[in-house]
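Asker: Input sequences plus hints: build the corresponding full structure.
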Amino acid sequence: MRASLRWLREFVDIPETDPDRVAHVLLMLGLEVESIDRYDPEFTGVEVGRVASIRAHPDADKIRLA
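In our numbering, the protein residues as written are 523 to 588.
Treat the hints as calculated values from the structure; they're not laboratory data.
As the structure is a computational prediction, the values presented were derived from the model and not from experiment.
For glycine and all other residues, C-beta sits at the position ideal for the given N, C-alpha and C.
Keep in mind that a hint or two might mislead.
[To be verified] Here are the in silico distance ranges between beta carbons for each label pair:
hint	residue 1	residue 2	range
1	G552	L527	17 to 23 Å
2	E532	D562	48 to 54 Å
3	D540	T566	16 to 22 Å
4	F533	D559	17 to 23 Å
5	L527	S575	41 to 47 Å
6	M523	A588	45 to 51 Å
7	A525	E569	31 to 37 Å
8	L587	P537	29 to 35 Å
9	T539	I576	43 to 49 Å
10	G552	R528	18 to 24 Å
11	R572	H546	15 to 21 Å
Answerer: Structure, rendered in structure tokens:
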């Protein structure tokens, strides 16, 4: 069964934020932790842009300018 830390926190007060420490505590309580999958949905330093137009480079045949 897969369970996220967020889901576990809905039922149990888990002050620990490190998944490895939480897994260790669960193991000490007699619960089996088979694996820890890390998902990092928050990106930092990412910029998103849209290409409005593409045109040929004036001095090169195989290069395009966006």
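Asker: It remains to establish, for every hint, whether it holds in the given structure.
Answerer: Status of the hints after comparison with the structure:
1. G552 / L527: 17 to 23 Å: At roughly 19 Å between Cβ atoms, L527 and G552 fall inside 17 to 23 Å, so the hint holds.
2. E532 / D562: 48 to 54 Å: Roughly 21 Å apart at Cβ, these two residues miss the hinted range, so it is violated.
3. D540 / T566: 16 to 22 Å: Given a distance of about 19 Å, which is inside 16 to 22 Å, the answer is holds.
4. F533 / D559: 17 to 23 Å: Roughly 20 Å apart at Cβ, these two residues keep to the hinted range, so it holds.
5. L527 / S575: 41 to 47 Å: holds (45 Å)
6. M523 / A588: 45 to 51 Å: holds (47 Å)
7. A525 / E569: 31 to 37 Å: Distance hint for A525, E569 holds at roughly 34 Å.
8. L587 / P537: 29 to 35 Å: Distance hint for L587, P537 is violated at roughly 53 Å.
9. T539 / I576: 43 to 49 Å: Since the Cβ atoms of T539 and I576 sit about 45 Å apart, the hinted range of 43 to 49 Å holds.
10. G552 / R528: 18 to 24 Å: Check passed, 23 Å falls within 18 to 24 Å.
11. R572 / H546: 15 to 21 Å: violated (46 Å)
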